[in-house]
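Enquirer: Line by line, the protein sequences are chains A and B.
So the number in my numbering is just where the residue sits in the first sequence, counting from 1, plus 3.
So the number in my numbering is just where the residue sits in the second sequence, counting from 1, plus 3.
Think of the hints as simulated: they come from the structure by calculation, not from any bench.
There could be a bad hint or two in this list.
In this list, chains with the same sequence are indistinguishable; a pair is considered to hold if it fits within one copy or across any two.
Unchecked claim - In the BS3-like style, the derived pairs of lysine-lysine whose C-alpha atoms are separated by at most 27 angstroms in a straight line are: (1) K10 x K46; (2) K115 x K46; (3) K154 x K110; (4) K110 x K152; (5) K154 x K115; (6) K113 x K10; (7) K127 x K152; (8) K115 x K10; (9) K57 x K154; (10) K10 x K110; (11) K10 x K127; (12) K113 x K57.
Number of protein chains: 2
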Amino acid sequence: MSNFTAKQKECLEMMENALFVELTTIDRNGFPSTRAMLNLRNKQQYPHLVESYKTESNPLAVYLTTNTSSEKIEEIMENRNACLYYCHPETFHGILLQGTIEHVTDKIFKQKIWQDGWEIYYPKGEEDYSVLRFVPNRLKIYSNFNVQKEKI
Amino acid sequence: MSNFTAKQKECLEMMENALFVELTTIDRNGFPSTRAMLNLRNKQQYPHLVESYKTESNPLAVYLTTNTSSEKIEEIMENRNACLYYCHPETFHGILLQGTIEHVTDKIFKQKIWQDGWEIYYPKGEEDYSVLRFVPNRLKIYSNFNVQKEKI
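Let's have the full structure, built from the sequences with the hints guiding it.
Expert: Printed below as a string of structure tokens:
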């Protein structure tokens, strides 16, 4: 982690331990749209992904899995601006990452991300399994009623 | 509640019981920006606001309090599109409200919303206390891996 700034390390700490993450995209009417998603940056829950993140070109990139049939796929095709929010609301400690998101269609990559047991999320079958890759360009840390910002 | 649809009632149930709410605005670069906020629709935590909501013209409107000096105030002046997200991530049960948000400057109204004890959030004093009013036009209910939508 020697190339991370102090803020990025703080960010990564929360990303690797949070139970969930919230992704917000912008729909075609120009309204933001938030939903909770599995936090595939969580090291304890998804140890099989730790290596993939190490070989990533962007060390704060995040993978997300979703249904191909979901609205967010269409939204992302039209507007790639998105944000991810990790938080402990009880302490008002939160991390916001703003950046761009893309729909990854490479089959080998998708297979690498796949985890047994996820079949319950894809009742329509394999065709409905999609992977997204989020690349941040800015982070905000909310803590102690302050906001700290940094470009990435 | 006789004028609420079934979905709106489900929505209100979660709004009135959630511990926090997440507001997303869109910044001037066109990126969404999410943060946790006090859920002033929570009936147990903010009983002094129940009457104000009853006299509201929009029965699903939400008040939020924030610092006048925060970035969201500027963001809202330029782009009023916003969303509120309430959720129990453990069950992937979530409510999304999309709509518009405005900065309320009426002093009598702001005084009605104020709660003793909030001084800790406004170290810069009274001038830094701002009230926002969010009016939804669409709701989405996420539950059982489905999404139900309704215009409001």
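Enquirer: Take the hints in turn and mark each one as holding or not.
Expert: Each hint tested on the structure:
Within a single copy, K10 and K46 get their C-alpha atoms as close as 19 angstroms, which meets the 27 angstroms cut-off; across copies the closest is 37 angstroms, which misses it. Within a single copy, K115 and K46 get their C-alpha atoms as close as 16 angstroms, which meets the 27 angstroms cut-off; across copies the closest is 46 angstroms, which misses it. Neither within a single protomer nor between protomers do K154 and K110 lie at most 27 angstroms apart by alpha-carbon distance, with minima of 32 angstroms and 37 angstroms respectively. When the C-alpha separation of K110 and K152 is checked against a cutoff of 27 angstroms, the pair qualifies neither within a copy, at 36 angstroms, nor between copies, at 32 angstroms.
Taking CA atoms no more than 27 angstroms apart as the test, K154 paired with K115 passes in neither setting, with 30 angstroms inside one copy and 39 angstroms between copies. Proximity of K113 to K10 under the C-alpha cut-off of 27 angstroms is found in neither arrangement, the shortest distances being 30 angstroms within a copy and 35 angstroms between copies. In the homo-oligomer, the alpha carbons of K127 and K152 lie at most 27 angstroms apart only across protomers (21 angstroms), although the nearest pairing inside one protomer, at 41 angstroms, exceeds that limit. Neither within a single protomer nor between protomers do K115 and K10 lie at most 27 angstroms apart by alpha-carbon distance, with minima of 29 angstroms and 39 angstroms respectively.
Taking the closest pair of Cα atoms, K57 and K154 come within 27 angstroms of each other only inside a single copy of the chain (21 angstroms); across copies the shortest separation is 43 angstroms, beyond that limit. Proximity of K10 to K110 under the C-alpha cut-off of 27 angstroms is found in neither arrangement, the shortest distances being 34 angstroms within a copy and 38 angstroms between copies. When the C-alpha separation of K10 and K127 is checked against a cutoff of 27 angstroms, the pair qualifies only between copies, where the shortest distance is 25 angstroms, while the shortest distance within a copy is 41 angstroms. In this homomeric assembly, K113 and K57 come within 27 angstroms of each other (Cα to Cα) only inside a single copy, at 17 angstroms, whereas the closest approach across copies is 50 angstroms.
Of the numbered hints given earlier, the model fails hints 3, 4, 5, 6, 8 and 10; all others are met.
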